[in-house]
Amino acid sequence: MTRTSRTALLLAAAGPLSLVLACLPGPADIPVREVFSILASALGLAPAPDDPARATVVLGIRASRAVLAYGVGAALSLAGVAFQGILRNPLADPFTLGVSTGAAFGACLALALGLATPAVLPLADPLPFFGLLGAFLALLAVLGLARSGRELRRETLVLAGVVTATFLSACIALLKALDESTVSGLVFWIMGSFQGRGWGHVLVFLPYLVLGAGLILAFARELDILSMGSTQARLLGLSADRARLILLLAGSLLSGAAVAVSGVIGFVGLVVPHLVRRVQGGEHRPLAVNAALLGGLLLLWSDVLARTLLPGGVELPVGVLTALLGGPFFCLLLKQRREAS
Amino acid sequence: MIRLENVSVGHGGRAVLRDVSFHVARGEAVGLLGPNGSGKTTLLLTLAGALPLLAGSVTLAGRPLSALRPRERARLAASVPQQAAPPELTALSVALMGRYAHTTFLGGYTEADRAKALAALAATGCSHLAERRADRLSGGEWRRVLLARALAQEADLLLLDEAAAGLDPARQAETADLLLKRNAAGLTMLSAIHDLNLAALTCRRLLFLKNGRLVLDGTVNEVFTEHHLSEIYETRILVSRHPLLDAPQANLAPGAPAAPAGGPGPGRTR
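Taken in sequence, the protein lines are chains V and U.
If you read the first sequence in the numbering used here, its first letter stands for residue 1, the second for the next number, and so on.
If you read the second sequence in the numbering used here, its first letter stands for residue 1001, the second for the next number, and so on.
Hints listed in this document are in silico derivations from the structure and should not be mistaken for laboratory results.
Each residue gets a CB set at the ideal place from its N, CA and C atoms; glycine is no exception.
A couple of the hints might just be wrong.
Computed, partial: chain U to chain V, Cβ under 8 Å [to be verified]:
1. A1048
2. P1052
3. P1070
4. A1084
5. T1090
Have a look at the derived ranges for each label pair, beta carbon to beta carbon [as the list claims (entries may be wrong)]:
6. V:A173 <-> U:G1166: 52 to 62 Å
7. U:R1132 <-> V:G214: 52 to 62 Å
8. U:A1112 <-> V:G214: 20 to 30 Å
9. V:L332 <-> U:N1251: 51 to 61 Å
10. V:T156 <-> U:L1244: 52 to 62 Å
Given the sequences, and given the hints that come with them, work out the whole structure.
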């Protein structure tokens, strides 16, 4: 077995383990044994628990939240892998490109205009769809802004992303100010959180995760080739523009849906692919798999920290934590790149 | 194999190649020569389908270039580019990219593809580099990995842009040897070379570009003369015979006294 697949196996095994452990801490004091027996009964391995209220806390609040955090972490990391590969820019991720804030604005606008009702898009909650729309439009705007002539410069791209994100954040604040009933939700969109998220959100989010991850894995070879640049891709027989468009869509799909269920959570898609690349190189198929697994773990544990760090059951938005961790990391990366070039 | 008729190509409105026409038959080994900025790289990128035509037509193996799908085109013509930044991938992953044109949509690389990529790396003396990261190779090693990538493509036509530049003499000789063998086995080659002597040794026919126009086209013995070379490169170039092989060799003469009257000097070319 290669080192890469050993890493993947290890990371994959850590997933279910972490999901179980993440159900242990919380403001409601439930003994460890009872949490285990509730989880076991949910999986059909044990008889029904005695206390249905506690079962609701463990399954309906903690477990669903852990699963969602895991999935969102995987989605953001996969989007980071796609964006970094296509744009050949190690500083790119859904947050630095303004894609996440675009998604948040799309979702907010849909809510404000009353479009987020099942009548608009039957069978599913339309919010992730509007998130995806916002994400893709923001991405196109950022790419258009950053493209001066034919060259797409690294720092210019991130600059365009940050400007777009700041502008859209202001638009979100404006929307919220006009619509007083939902002002309290402002922080949720700008500094993402998993507070109050349940199985419904998992169900809404899952199809987007599966589709986006599938596309990125299916186009991993193309990502490898695109990382050598457009001219090289053409020499090798790849229709670079089509592959790039599909991958940009997949990245928007993942970030849009992630934001629709959890708000803007920054830097996960930046830090995780970078760490994985350090260990196993840049081959995109193993990179995507390992980054998704590691990203899930990272956000799951960040969320556990966010809800247990402060005393008295007060929660920190998990986006605050990831920004605290990711900001310095981003600066380090920026400095390294500058010295290398 | 290649036919160009009145081809013009440009970047950003400025024509780099103007009205270029020539024909290369299957199995030929043709050198593409000319001063810096004469349009050699542009011509090769055009043939590989990476640059659009402003005017004229190009056919590869009897089919118009514009009618070929990207994968078909890459199965016909493989390129060794002059400039390619090494990615954060292993040398084997880069060589495997040569097999991309032979895979189907969504179908991955097969074991046969891996075997061919490894064989190509072995042919260019890079077997020991297969698992090394491309961005950590030396310049010469990276050039040979790019050559391996093109060989793995198994196209009938090989477009080389300074494939042996930057290699040490031993590697340069090995590479030239490999290309001569492949050519003898039927591979058609069009090779942009700055090294006049290497061109005279590895090609049968030479094309000279200058300022985007084709100024000279003929067999090595016809065109590799003091007269032609001195005029095209605008400096004094003396031609002697290779001590061992039947090929002319060019000699620059920096610091020598000016050419005697009646000696090689500017003359007329086509």
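For each hint, the structure was consulted:
no.: 1; hint: A1048; verdict: holds, 5 Å
no.: 2; hint: P1052; verdict: violated, 11 Å
no.: 3; hint: P1070; verdict: holds, 5 Å
no.: 4; hint: A1084; verdict: holds, 6 Å
no.: 5; hint: T1090; verdict: holds, 6 Å
no.: 6; hint: V:A173 <-> U:G1166: 52 to 62 Å; verdict: holds, 56 Å
no.: 7; hint: U:R1132 <-> V:G214: 52 to 62 Å; verdict: violated, 31 Å
no.: 8; hint: U:A1112 <-> V:G214: 20 to 30 Å; verdict: holds, 26 Å
no.: 9; hint: V:L332 <-> U:N1251: 51 to 61 Å; verdict: holds, 54 Å
no.: 10; hint: V:T156 <-> U:L1244: 52 to 62 Å; verdict: holds, 55 Å
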